[in-house]
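Enquirer: Now for the letters of each chain:
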Amino acid sequence: MVVTVAAGLMVSAPLFPGWVRYVVQIALAIGLVSLGVMILLRAGLLSFGQGLYYMVGGYSVGFLSRHAGITDAFAATATGIVASAAFAALLGLFIVRYRSIFFAMLTLAVAMIVYGVALKVSLFGGTDGLNVRPTTWLGYAPRGSQLQLTQFQFTVLLTAVLILAARKLLNSRFGKLIEAIHDNELRLEYLGLSVRRSLLAIYVVAGALGGAGGALAAMAARHVDPSFTYWTTSGEFVFVAILGGTGSVFAPFFASFLLEIIRSFAAAWLPDYWQLLLGVMMLALVLLLPRGLWSLARVVQRTFGRTSAPVLLREDART
Amino acid sequence: MTLALTILVDGISYAAWLFLVSLGLTLVFGVLRLLNVAHGGLYSFGAYSAAFAIGLSLRAGWGTAAQLTVMVLFAAAVGAILSLTIERLVLNRLYHEHETLVLLATYAVFLVLEDLTKLIWGGKSLYANAPRDALGTTQIGALAFPVYDLLLIGVATAAALASGLFLSRTRIGRLVVAVTTDREMSAAMGINVARIMTGIFVAGGLLGALAGALTAPKIAVLPGIGVEMIVLAFAVVVVGGLGSITGAVFAAVIIGLLRAFASHLVPTAEVFVIYAVMTAVLAFRPYGLFSPPVTRKI
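Residue numbers (numbering that gives the first Met the number 0), protein chains in the order written: chain A, 0 to 318; chain B, 0 to 297.
Check before you lean on any hint, since a few could be wrong.
To be verified - Derived contacts from chain A toward chain B, CB cut-off under 7 Å, selection only:
| no. | residue |
| --- | --- |
| 1 | LEU45 |
| 2 | ILE112 |
| 3 | TYR229 |
| 4 | ILE241 |
| 5 | ALA267 |
| 6 | LEU277 |
| 7 | LEU288 |
| 8 | PRO289 |
To be clear, the hints were calculated from the coordinates, so they are not data collected in a lab. Yeah, the Cβ is synthetic: ideal placement off N, Cα and C, and Gly gets one too.
In isolation and in its complexed conformation, chain A is listed as follows:
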């Protein structure tokens, strides 16, 4: 299905107007970061600082373009992913000891410290950020609408590859282990498994996805600034992840598309009150579809007699 959709999008891309392609690119980038948040949520961890990796990915592209003159898309995204993963591995050593609200607040705190530093250090361009030069692909340097088209196709391709990889990971033995951590980590420890090492691993995976999203967003917007790691940005990823639900790797993309569509239209029609619209819609979803948008897909699946997808944000007896 991923392959069909991705191939379809890439082939039909010239038919869409430029702004639609741009919205799709940003939705995919946000979806990738939110996929990382969603994977952490499966283990019961709520990261409120995923914007940090979004920023690391974005600035990898920005720095390569500004200081090294490298504009190659493959090199830039690879650097973004590797840099974010490295950051996540380092920070993860400290942070995976924490759970629930403490994990959320610490991830938030680190992201905000980086934000505070980035604002003051001229290397990051202050509040203005850095501009990113037009992307190239192994020497192929399109211009104008062709550039945007190629970028779109590259974004779709990379996202599809990462979705497939994430799905493989979540369906593997390790993926089941992550869900078990959410259920009861003490029992896992008794079974001789290292909860900490598994959490570190998925924190790195989530960071890498965040870096990929940040790199793609920076290339699409041709710009990166410290607000990538501001807490409202991180909050948006959490929002998208919960809105989609943890039922499937597609759920965050589903939700990020919906969010971007609402944002585009609300910004045009209700520029001053789009938060109100968003808030009311969120409340309606939370109250009517507490398992996330993906539970709609489950209703459809059930109607057609297929087995249901796993659902993780379930009612724990935590009263």
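Fit chain B to the supplied structure of chain A, relying on the hints for placement.
Expert: Chain B only, in chain A's frame:
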């Protein structure tokens, strides 16, 4: 010497404010185990109501004391009504859901409240500085310090003492502590947990709106003040130990003083000093300064 005094006075003043904005949040967290993002919305509603009430009483030609009384009463009423509505319409249906979902719901309420303030009072900034200007300044050493800010320090101290006494000396307060400690056991002992939860949520919302109202004379009331405040209040609550009022006092004082240090001596660090404190505290006390030990349940 003057610098040290300035830092001390600024720090205490900031700490008083931090404590006032996080008191309601920490109460709600303690009892409901929920991070109430909507607290930020109640705060801005409180600030806007205060600016509105002061505008009205200025037009009526009332004195400073009357202005402040009207401001506090109006904001408290708005806060109580709003939070009761939120609890009845939204939270009441979600108590059995996963905490991330409840967090999302309060975030949604926060977004709605933010835009509602814009819808009601417009997007321009409002000013409520009349009482603060009328009260003038007083001399502390070589420092001219606004009397209103001194008053706020007094209010924060009184609020800390009153809430401490309420929780330790009154019957309802003891019930609240029981529910905070062990919700299931309290229910088993015949405490009406649902009613305590509703009551505390409303009280928390009222305190949030009051904090906003008391802040209003010091700032320009404009859209976005709730966003700035909510993350700071979270940090105070987490550093103090979730649900602990003593903890919130200590956290507010530590953060307030360090921030004053930073803003006078290392201005570049001012943006993130609160987060640095939070990281440092949690590195050594993983559950905050004043939190009871948590048992792992198998």
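Enquirer: Hint by hint, say whether it matches the structure.
Expert: Status of each hint after checking the structure:
no.	hint	result
1	LEU45	holds (5 Å)
2	ILE112	holds (4 Å)
3	TYR229	violated (10 Å)
4	ILE241	holds (5 Å)
5	ALA267	violated (16 Å)
6	LEU277	holds (6 Å)
7	LEU288	violated (10 Å)
8	PRO289	holds (6 Å)
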